[in-house]
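Once you've looked at the hints, dock chains V, B and D against the given chain H.
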Amino acid sequence: MKKINFDKVFSFILVSLLGLFIMKVLYSVAGEEAARFTADHYISYGVDETGAINIITAILFDYRAFDTLGEATVIFTAASVVALLLPRHEASMLKTEFTPVVQQSIAFILPFLWIISIFLISYGHLSPGGGFSGGVIISAMSILIIFTYGYRYMTRRFNVKKLSLIEDIGALAFLTIGLAGIIAGGTFLANSQVGIYPGPPGELLSGGLMPLSNFAVAAKVGTGLSVIFLSLARED
Amino acid sequence: MHLPILLILIPLFTVFSLGLFAFFSKKYIIPLVFTSSLASTAIIFYFIFNRETRLPFSYNLGSWQPDLAINILVDHYTLVIFAAMGLMILLSVIYSLTEITRNKAKFYLLLNVLFVGIAGMVMTADLFNFYVFFEITSISSYALVAYNDKDISLEAAFKYLMLGTVSAVFLLLAIILTYMATGTLNMVLIPERLGNLPVLTRQILIAFYLIGLGVKFAIVPLHTWLPDAYVGVPITYNVLSSALIIKTQFFVLMRILYILFGLNFLQDNMITTILLVWGIFSMLFGHAAAFQQNNLKRLLGYSTIAQMGYVIIAFSLGTPAGIVAGSFHMVNHGIMKGAVFFAAGNLHKAAGSYQLNKMQGLADIMPKTSLIFVLLLLSMVGIPPLSGFASKWLILEAALEAGYLLPGFMIILGSFLSLGYYLSIIINIYTGEKDLSKKSSARAVGLKINEILPAAALTAVCIILGLYPAILTGLIDRAPEFLLEQLNYINIIIGG
Amino acid sequence: MIEIILMLLILLLVVSAAIALFSKKLLNSIITLSIFSALLVIILIIFQAPDLALAEAVIAAGITTSFFIITINKTEGVN
Amino acid sequence: MLNPGFPLLLAALLGLILKARKIRYFLTAGALIISLILMFALPQDKILTTASFFDLELILNYISLTSRNIGLIFGLFALLVLVYGYSLLSLASLNLLNIFVGSSIAILFVGDYISFFFFWELISVAAFFLIYDKVEEKLRYTAEYYIIIHVLGGLSLLFGILLNYNFTGEIILAPPEAGLLFFIFGIAIKLGFLGFHVWIPKTYAAIPFQLAVLMAAYTSKVGVYALYRIVELETNIVAYFGLLNALGGILLAIFHSHLRIIISYSIISQIGYMIVGIGLSSQIAVTGGLFHLINHILYKGLLFMMAGTICYSTGFENLSDLGNLWKKTPLTFLAGIIATLSIAGFPFFNGYLSKALIKAGIDSQLLYYGLQLAGVGTSLLFIKVLYFAFLSKNNDPDIVKIPPLSMKLGMVLISAFMMLTAWNPAAVERLFQISPDVAYFSSSSILSGVLPFITALLLFPLLKKYISPHPEKVFQRDFFSKLGYSFINLDKKISQIHSGDLIRYLSWSLLALLVLLLIFLLAG
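Protein chains in written order, with numbering that gives the first Met the number 0: chain H, 0 to 235; chain V, 0 to 495; chain B, 0 to 78; chain D, 0 to 523.
FYI, nobody ran anything at the bench for these hints, they're computed from the structure. Errors might be hidden in some of the hints.
What the hints assert, rightly or not - Derived DEER-like restraints, expressed as beta-carbon distance ranges: (1) D:T48 with V:L37: 37 to 45 angstroms; (2) H:N158 with V:F280: 51 to 59 angstroms; (3) B:V13 with D:L521: 27 to 35 angstroms; (4) B:F21 with D:L521: 31 to 39 angstroms; (5) V:F22 with H:L204: 29 to 37 angstroms; (6) D:E233 with V:L405: 23 to 31 angstroms; (7) H:L204 with V:I493: 33 to 41 angstroms; (8) V:H1 with H:D47: 22 to 30 angstroms.
Keep in mind it's a predicted model, so treat the numbers as computed, not measured. Every residue gets a Cβ at the ideal spot worked out from N, C-alpha and C, and that includes glycine.
So that you can see chain H by itself, here it is in the shape it has in the complex (with noise of 0.2 angstroms):
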């Protein structure tokens, strides 16, 4: 008979215990009428105020785009710390060669793939996407290049340095954006609310300067994603 683990058991009370807690805390805040006051006001006047019809680009990128900027800066942070502390040891599961059947459908694919993420990217408050759903399919075919093509193919093209200059100066953009709205006589990253273009909801031109934001928020978490998987993968 095999010993009993006192750090299986000891776990598992306490993560059943803090589930209990949590359930607890669940079942007494659900249903709460009050507790919807802020999703209300965007479900009802999202479109209205800020021309977006995705609403969820719309909180994205106006609303609460301050937070935008901060998961932006954190994901940035990130990236240039992986590249900070190099990893030493090779990837031996890089050195596969794929057969060149695979290679050619990843070039068949790859096409597509941009287009995609340039549709989530623009058309990110018409419909469900966005600057980080775009932002990381980019990232996903720096991935795919890297896995059938070699980390060599890749850095041939687009190198650590180069990828993080890109996410730099699409981070500034977005800084650019957000002081657009201290120009146009509002606070910081005002948007829709200083009357920037809101236009014609629906239309491809509207949702004031959120298009924009859209593209550099791409630009920084593409890059930045890339930046992550390419020092992981970088072979010294």
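For chains V, B and D alone, coordinates are given in the frame of chain H:
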């Protein structure tokens, strides 16, 4: 007026442009960082000097109406951290000029990210926004701990990361639950909506907040990352961590507890009592553990834990005097511990090690730095006329005034314990070899002006504060108004 | 009908999470984790949150998995 | 106006720049003279200088008669030590002497608790560095012991001050209305009350003798002054405790044979006399107690100078190594005789006047005979010292070094001063502005002064073999250091739970959360 947001934007701009500048030429890095920290310091001092006319100050982002927008608030309570920031930002940058030799751009990037996080955490009046800045601060902290890329610092950073992430989950959980219960993240609107919840639910929320932030300000069973993290990092991070990061996390916890839940709720449901007892435990444990250390940085790390215990005790008294005393000690300990770390870094230059027994005989090589070091350690013990005495006096007075005799006695006991290990540092530094032929491993080194300046400046501040503590209390004496009375805080945005 | 599917999915979610937690090999955990994400995507779509579903699909199922795999691949050499 | 202690503190600051020993020496002397002039010149019973700490008013300069008297003797004695130690005091110790003596004098002239506490701690810190030595491990240990026990007392005093401040809202230096116990504990450590006395012999026997001469005069006397200012009880209980101290000190001293340990223990006993005087309610006894403080500084200084000179010239300090010195060092022998007769309270010698005053103020038989008994013990003690050091033929140590003129001059000056005061009580009363109205030289009081000494002289041959000298170690672990070590051992166990294991740490934090939740669940 866009000054408060500039406090976040200036370091943020520096962060993003550092990469650009570094791409073209490395020689722009230092001027850029220096300018930005000067500008930040100038803004902070603008608020400090114009506190009567300009504060409280609110700023809503995106020009949204205040109940929808993310708000940024500067009130008299914020000045507590501002006072520490005003000194530490510039001095730490000055000190790091020669300390950091490799990857300067990355270091200053992380440093500025840290400043962004701290400024954001202190000023924001929105729970989720606070969480974002909390993460920014945490990530840059993990990175700075790992910065030296040695085994010991990487291991410490990993531990810190794991503990920090687990705690951050609870913090996020608490924020989500708060949002679910109230439907808003605006810290100004939450208080009245939170009042409808059952008591136990609110208590559980508080527990989550406490654990989430407790790991970061190193209250005792959650402190374990700190001594490890302090060993292998640049002195600049030691200073910033002790003087700013830890303090900021505690500062925000207090704001969350007192503003969101209210003083009456906390006192009726034992939360202040629990915090008080926990603070005493934390303090005694920190002192006791510091006693056993023979690595100077670890020792100072434990002493930081213990000193945070004093702050926790003072804040959990729940009286205006307690808040003022705790705030005073937050700033004052930041100054003292910052100076101690700067001086320790200078001593390390000669000794080549932070092991106490290898630091013997340093007093002969660096008499002035050693003298400063001794002065600071005496100040930490609380021997007048140095500033440590003033904060001890305030805390004790507040504790006794609130009727807590035993906690007061424990504080006395704690500072007696602290004498023991500070004395062992002094004795180690002031021990010479009997025969001069058997020189210790220490060698004389010339210190650069930027290494001497921070320690000397902070020591001067320490002495001045000891003689005229009213300088600092005059700065923070209105802090309790914005912490203990929810209405004052709420009115900044809604009423004003 | 949709409720039954939802319940089933949630059950599968728990199961996959448990497998991810208790499997001995890290690689298995990661693959299970991506299955977990895929299930989550379906649930999110049922909840009419396409934005989140999109993000979850790309980030959790795609990026995170590859990050994990490359990290494990690197650290295996160390141990 | 300047507090009389401040010139010395300023001299200490100035000394940081001046690195020449001679200059520092005369700087200190000059500062001492200025300080003495200030004590004479400044008006009494007036608040002269104030400062503020938060919103509290600090009284930095308030001269009362008692503090002026003690201050005068503090300053005078420091001058005598300067003469004695002309060739012995090192560069660093001169500056620390400034701080030590300066704060000892300054503490007498402050009128509030915060500055009182400030100088109280400053004395300990300065003494720590005075004792401290970079090379000698023995001295490092002594210094550590000294400051730990004194800071313990200081913190207790601080807690008392805060309790009192919290109760009354005042920080004026006056008998407290709350927290008296903490005041008493702090003072008891400072003045070396029986049970807290261990630091006195430990310190004064281990440090260089010139420093022992200096330090023995101040630390515990400041404690006595604090007792006089702070502790005020309805009953005479303090006086009985003082008697306990007087007898206990003798009992502890009599079996030792290291010169400075004996003298140190006799400090404890003499402090007992002062406590008896202060603890009594009659004005004469209180004056006598304070007067005894003044006398005590002089003859105890002379005793330490004697011990120091013996140590300097022979290299030995234990009575078992000494003997037959009276021909080789006649001056020292003479000083020893004067000091012995003074401390024994023999008529027409220094200690007689104050002891007579205390005895005149006593209203209880027990106290009177107790003090007489202590007098017998004191006489016996120093007859033992004189006999075994100077007269006994058991040993015959050589003179290794001839003491310099300055040391001899110091002893001569202090003996002369002592004899002057002893023969001229009227002048003393004028100088110190006291008028106790006691007939010092009545036959009954002379008899009561002579009796103990004669008794001791008769007893000595009988008791000689019981108290004969033996070699001994200066260092012994006492109760307090044992306590400290057991704490350290316990502490080691506590801190060993930090194993560095991440899982353990994680479970601690989760456990903390769980405990917190359970408290809420069970208590709510």
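Verification of the supplied hints:
1. D:T48 with V:L37: 37 to 45 angstroms: At 41 angstroms between Cβs, range holds.
2. H:N158 with V:F280: 51 to 59 angstroms: Hint holds: Cβ distance 52 angstroms, inside 51 to 59 angstroms.
3. B:V13 with D:L521: 27 to 35 angstroms: Cβ of V13 of chain B to Cβ of L521 of chain D: about 30 angstroms, so the range 27 to 35 angstroms holds.
4. B:F21 with D:L521: 31 to 39 angstroms: Check passed, 32 angstroms falls within 31 to 39 angstroms.
5. V:F22 with H:L204: 29 to 37 angstroms: With a Cβ separation near 33 angstroms, F22 of chain V and L204 of chain H satisfy 29 to 37 angstroms, so the hint holds.
6. D:E233 with V:L405: 23 to 31 angstroms: holds, 29 angstroms
7. H:L204 with V:I493: 33 to 41 angstroms: holds, 36 angstroms
8. V:H1 with H:D47: 22 to 30 angstroms: At 27 angstroms between Cβs, range holds.
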